[in-house]
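Asker: This is what each chain is made of:
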Amino acid sequence: MSGTINIDGQNIPFEEGQTIIEAATAAGVYIPHLCHQPGYTPHGSCKVCTVNVNGRNCSACTFPAVEGQTIVNNSAELEQDRRRMTQMLFVEGNHFCPSCEKTGNCQLQGVAYHLNMLDNHFPHFFANREMDASHPDILIDHNRCIFCNLCVRASREKDGKNVFGISGRGINKRLIINSDSGQLKDSDIDVNDCAAHICPTGAILIKRTGYQVPIGKRIYDHHDISEVALMEEREHGK
Amino acid sequence: MMKTFIQKVLTDADYQPARLLTILRALQAEYQHIPIDAIDILADALNIPRTQIIAVVEFYSFLHLTPQGRYDILISDSITDRMQGKENLLGYLSSALKVKAGQVRDDGLVSLNNTSCTGMCDQGPAGLVNGHALTKLDRPRIDEIAALVEQQKPLGEWPPHLFAVDDNIYKAGLLLNGPIENGAAIQATYTRGINNTLEELDRAGLRGRGGAGFKTAMKWRFCAEEPSEQHFVVCNADEGEPGTFKDRVLLNSHAEQVFEGMTIAAAIIGANQGFLYLRGEYLHIFDKLQAILQQRRNAGLLGANILGQGLDFDIEIRLGAGAYICGEESALIESMEGKPGIPRNRPPYPVTSGYLNQPTVVNNVETFLAVAKIAIEGGDWFASFGTEKSAGSKILSICGDCSRPGIYEYPFGVSIEQILADCGASNVLGIQVGGPSGTFISNQEFNRQLAFEDLATGGSFIIFNNSRNILEIVQNFTHFFAHESCGFCTPCRVGTALLKKQLDKIIEGHGSAGDVVELESLCQLVKSNSHCGLGQTAANPILSTLQRYPDVYEKQLKSISYEPGFDLDGSLEIARRMAHRDDAAAHLSQVED
Ligand SMILES: Cc1cc2nc3c(=O)[nH]c(=O)nc-3n(C[C@H](O)[C@H](O)[C@H](O)COP(=O)(O)O)c2cc1C
Ligand code: SF4
Ligand code: FES
Chain A
1 MSGTINIDGQ
11 NIPFEEGQTI
21 IEAATAAGVY
31 IPHLCHQPGY
41 TPHGSCKVCT
51 VNVNGRNCSA
61 CTFPAVEGQT
71 IVNNSAELEQ
81 DRRRMTQMLF
91 VEGNHFCPSC
101 EKTGNCQLQG
111 VAYHLNMLDN
121 HFPHFFANRE
131 MDASHPDILI
141 DHNRCIFCNL
151 CVRASREKDG
161 KNVFGISGRG
171 INKRLIINSD
181 SGQLKDSDID
191 VNDCAAHICP
201 TGAILIKRTG
211 YQVPIGKRIY
221 DHHDISEVAL
231 MEEREHGK
Chain B
239 MMKTFIQKVL
249 TDADYQPARL
259 LTILRALQAE
269 YQHIPIDAID
279 ILADALNIPR
289 TQIIAVVEFY
299 SFLHLTPQGR
309 YDILISDSIT
319 DRMQGKENLL
329 GYLSSALKVK
339 AGQVRDDGLV
349 SLNNTSCTGM
359 CDQGPAGLVN
369 GHALTKLDRP
379 RIDEIAALVE
389 QQKPLGEWPP
399 HLFAVDDNIY
409 KAGLLLNGPI
419 ENGAAIQATY
429 TRGINNTLEE
439 LDRAGLRGRG
449 GAGFKTAMKW
459 RFCAEEPSEQ
469 HFVVCNADEG
479 EPGTFKDRVL
489 LNSHAEQVFE
499 GMTIAAAIIG
509 ANQGFLYLRG
519 EYLHIFDKLQ
529 AILQQRRNAG
539 LLGANILGQG
549 LDFDIEIRLG
559 AGAYICGEES
569 ALIESMEGKP
579 GIPRNRPPYP
589 VTSGYLNQPT
599 VVNNVETFLA
609 VAKIAIEGGD
619 WFASFGTEKS
629 AGSKILSICG
639 DCSRPGIYEY
649 PFGVSIEQIL
659 ADCGASNVLG
669 IQVGGPSGTF
679 ISNQEFNRQL
689 AFEDLATGGS
699 FIIFNNSRNI
709 LEIVQNFTHF
719 FAHESCGFCT
729 PCRVGTALLK
739 KQLDKIIEGH
749 GSAGDVVELE
759 SLCQLVKSNS
769 HCGLGQTAAN
779 PILSTLQRYP
789 DVYEKQLKSI
799 SYEPGFDLDG
809 SLEIARRMAH
819 RDDAAAHLSQ
829 VED
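Those sequence lines, one after another, are chains A and B. Every letter in the first sequence is one number past the one before it in the working numbering, and letter 179, counting from 1, is 179. One rule links them: number in the working numbering = place in the second sequence (from 1) + 238.
No lab work stands behind these hints: they were computed from the structure. Take the hints with a grain of salt, since some may be wrong.
When the alpha-carbon atoms are kept at most 27 Å apart in a straight line, the in silico DSSO-like pairs for lysine-lysine are as follows [unchecked claim]: (1) A:LYS185 with A:LYS217; (2) A:LYS158 with B:LYS577; (3) B:LYS338 with B:LYS739; (4) A:LYS158 with A:LYS217; (5) B:LYS577 with A:LYS161; (6) A:LYS185 with A:LYS161.
Where chain A lies over chain B, by a calculated footprint (3+ residues, C-beta under 8 Å) [unchecked claim]: (7) 243-252; (8) 280-290; (9) 765-771.
C-beta atoms are modelled at their ideal positions from N, C-alpha and C, and glycine is treated no differently.
So here's chain B without its partners, still in its complex pose:
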């Protein structure tokens, strides 16, 4: 039975070891885990060591070595989900289904757990059931879900409103307002000439929309100049930064234009194969995207000899499986090769040695969207918007405390004040710009601008009003990074775990005089020594709030006569339980009375 199923999955994957993640996702869906026997069969069939398979299963949150429930329910644990009452709902769901978070129910029917932000912050609290997005969770919906699970109703028969995902586009700008005609950008590229199109991208001043802001034309030129048989184009749709969901909307409603941008990249760098690396959380748009790719093949916009211009190019979608780090471009490439998402050493950079060690460009969804439009309208058109250093527009995912959370597109240079007015935010305490890896700004900074030269963002914009607790926000973000650290390098692997411990200690009221100083120096250590952007930014939530609200931290500190590194009384809990003692004398105080 299992052998037959695995054979089919392997055949579908053409026995390519690089497609290991695809294969394992299929097994996980069928058996709710990766059976140990399957690991041996795969190791043989793909000719890879079983250690690689186990390492992959243990790396990705959505793959398991032990069986999960036939209904595996994950609840998004982003700060915005929490602000929308997620903790309460999780408790409610847990009692409705009689299963604790992190556990599988004894009958194996259902399992429940938390998961990192699922990219539905404008319509949370959100979750996933067997990988499919659930939105706008509330008690009535939870009742409905619990009943469906108990009835063992197949997912396909669940009412569609549970899975409805809205675009929520509130403000369209130069890109969202004028979607292109299918094929027009490719046609324009060939009419103008490939080199001239690259010139236009240069003139446009387009910088990557994924966060780092590298000049797109320069990246593509480097890649094009690499002498190699094969080049690859990769679209980064891993979108894991909490509070970011604009790539989900772009792929839901503007996928044609994104694929068109990728095709132009292929023409410029000389690639025959492209990939869309889609985060596992966006499984709900997978079929739709596959259908669009097929339509484009039928229309001669993908495949052999595109538009009769002699370009052979196709796009394959690769799904992730729950790992924020795979948004980092070299980790993404490792993941695409069927390995754990561990960032590579650089140099060499992906433009020289990327997928299968061939020259590869990796760009954000929005970058490709912009490329297609620039190919038609020209570089000067694009550069006439935005600021001198940040040309064009930025598409934001706005969420948190505002009346209209959703998608907003602005020319770069827009003030924070303007954005807040547009989305209906009032009584604002502060904003997390660029997600947890970005900056927390206070309500004294609303005259600042959104631009690479001031506040850069990959798109995340989370608003907090004055009822919110800064330390709770920082705690959620700090736990997120510890959970998502790939664990490759010491300062991030151990450092993010230590940051979590140290922050929790302070928040739980066990911090003493030196603890904030210690916290800050640990932040600096992790920031300046980590291998990749995750570790280098993991301390930003703490650092940017420590700088703005030192008193919030100081207030948590107790004046203690000695400085234990832990909760002394809490640590004696087991001993007390065993001795059946819970009288006052059995408790130790760390605070002088």
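Same shape as in the complex, but just chain A:
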């Protein structure tokens, strides 16, 4: 079965089983997102992909496309809410973009640029988070984790392991490692694992690869995340 949904006045075809974001992406319509990646089980936690479906807010990455839906994706209201939620992610952790190796390639930063986020708006939490530099090849900087769950899913779904987990409740959420010591070096992660490369921010980095591309020549230094995402994700769809 297939059908048509309408996003911001544009009719968009979908296949049975597709989510709203999948149908939109296939049709070249960008919906901002952070915890969604094509090819991974949808998670629906960041809420940056919030769209309005027949009058109700829904996460485009988890909500199925259903015949006849009227969807608002671009509106001042949604953009404002998405910007605010992105700002929330910035104040919750400790993000010092100018000194972060991921700057320019960071999806959190890319989405923030796209949403025209010019300040943090909210007071900072100054969370006390640690680094885990124990592994010879991989570095974890918990200050930059946004709990998107992508590394958890990557390890489980792609690498066939279970290296990561999200623990804690409420604002005390934290990324934990599956090892005796709780340190990455004692886990069974490998530098070639998907989980080591999936992080949308600079929370998981590969050692000794830093600054090979100079700042100023990185992805979102030149392209809006909407172009990049659509290109990569349609590539994936093929």
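We have chain A already, so just place chain B with the ligands on it with the hints.
Answerer: For chain B with the ligands alone, kept in the frame of chain A given last:
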């Protein structure tokens, strides 16, 4: 030693990973925490990643990675406990036991902390010692408790009056007045026929009593129609909404009828297994409920071939461990599967994919109670009470400023005025209807009705008189939601923490001109973008009081020459301490003199 104990616990749990919470509760009770070595043993034995076990321990308030005291005392921090002098008593207990709230005493004998509403609002201030409910706390009782702890008297030898829990039923209506005979409702269901009984529930117009008000017959029909080998019935007795305690009373005095309702659900949807998810705070009725289940098995009302009708059905009790979010039905199912209580993405709904991804109905305790009665009396009987859109009765837990706090059952449509008169409330400022997630109504609205079409409630009804401070009430509720947010989605995880900061800032007198506007827009953001009902209602206390009492908020604002996002003087406290300065010149003022 530990290995042997864990083996026994695992054997009792039949090595089912879904029973992880049960297993961890047993370990917590034995060792006052979950030892790290135990985590590895469990991970191996249950074949689950240790990250799942750690995540569960860190999610539930009653489980700990570090040892608590051998006597772990928690004091209920509901607004009604506070109104009954809880803060003062906590301080008194803390000095009597020489341990600060949030800490374990050096000798490891005792730990003390706050906990969310324990469901004893009509007999507070209340608390828990090693999970067992303490009620009607006052200074003499605290002296008694402190002495018992110092003597290291085993809990079983503590005087029973400390643990006495009353039903306090003041007004019985169509359900509480006429409890059914054991087995009569199941018999009536088979006599009438299963499909016809579902018809009766439809005709009765019964809507869920847990708050959302979904039509029960429709939910059960959807579930029955799902083709699947297994179906499950779950009774939601998580009752975490502050100010709600009617399910505790129903299970204490009418459990048979609730189990009977669940059995009828099993007959209708085709389930062989049911669960009662009982909030950890209600541990005190666990043994009693187990005994009732056993009696029902002995009487042929549970187990194989119930009443000779070919129905095989049994009920297992699963205890929670301190997490309000587990009342949300999909979080409850996750919890029942041995995971943190994080609400699922929907669709699919539990009726298609619930416990172990099988079709599952989740209903409130009171809903099952009503079902059993309707099975006997018929749908028309039930629908003849209440209003057109809200059939039948509602059982309320009334607490706060009134002379007779307790349980009241009314036909839907009853006016607020009537309720206030019955429970002996006077000089009323306002009422929190439906708990913190509901609505705060002012004393200009007492002609409103209790019904789905006007004021809906899962049962909580908290009365405040004119001596109460609205902002203190709102602050207690707002802190509650921040504490209970599961943390899955950004707008609620970060948003409820920000709401708490922003409200505290205003209440502490550091708010300036734009701060109330900012507070309101943050409320809207959290409300309209959150993943589940917790986040969607977490801002209700602020929104409903802002709408009714804007001046109360405005009065808190200072006219400030600049707008710091924080308490500047307070932030310099550490620097002053280090420099040994506390003279006037060392303080900065944010207010223009
Ligand atoms: C945060 C939250 C907490 C809830 N707590 C409870 C609860 O303690 N008891 C309950 O019956 N329903 C609770 N619910 C509603 C349940 O999700 C569900 O709608 C209900 O159990 C369905 O039963 P009913 O149709 O019989 O009301 C809660 C919902 C949310 C969002
Ligand atoms: S709204 Fe709150 S409680 Fe619900 S899923 Fe989001 S973080 Fe968890
Ligand atoms: S991308 Fe949809 S919720 Fe994160």
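Asker: Against this structure, judge whether each hint is valid.
Answerer: Hint-by-hint comparison with the structure:
1. A:LYS185 with A:LYS217: Violated - the C-alpha atoms of LYS217 (chain A) and LYS185 (chain A) are around 32 Å apart, more than 27 Å.
2. A:LYS158 with B:LYS577: holds (22 Å)
3. B:LYS338 with B:LYS739: Given that 27 Å is the threshold and the Cα spacing comes to 24 Å, the pair holds.
4. A:LYS158 with A:LYS217: At roughly 30 Å apart (the allowed maximum being 27 Å), LYS217 (chain A) and LYS158 (chain A) break the hint.
5. B:LYS577 with A:LYS161: Holds, at roughly 18 Å.
6. A:LYS185 with A:LYS161: holds (15 Å)
7. 243-252: violated (count 0)
8. 280-290: Per the Cβ count (4), the hint holds.
9. 765-771: holds (count 4)
Hint check: violations occur at hints 1, 4, 7; the rest are consistent with the structure.
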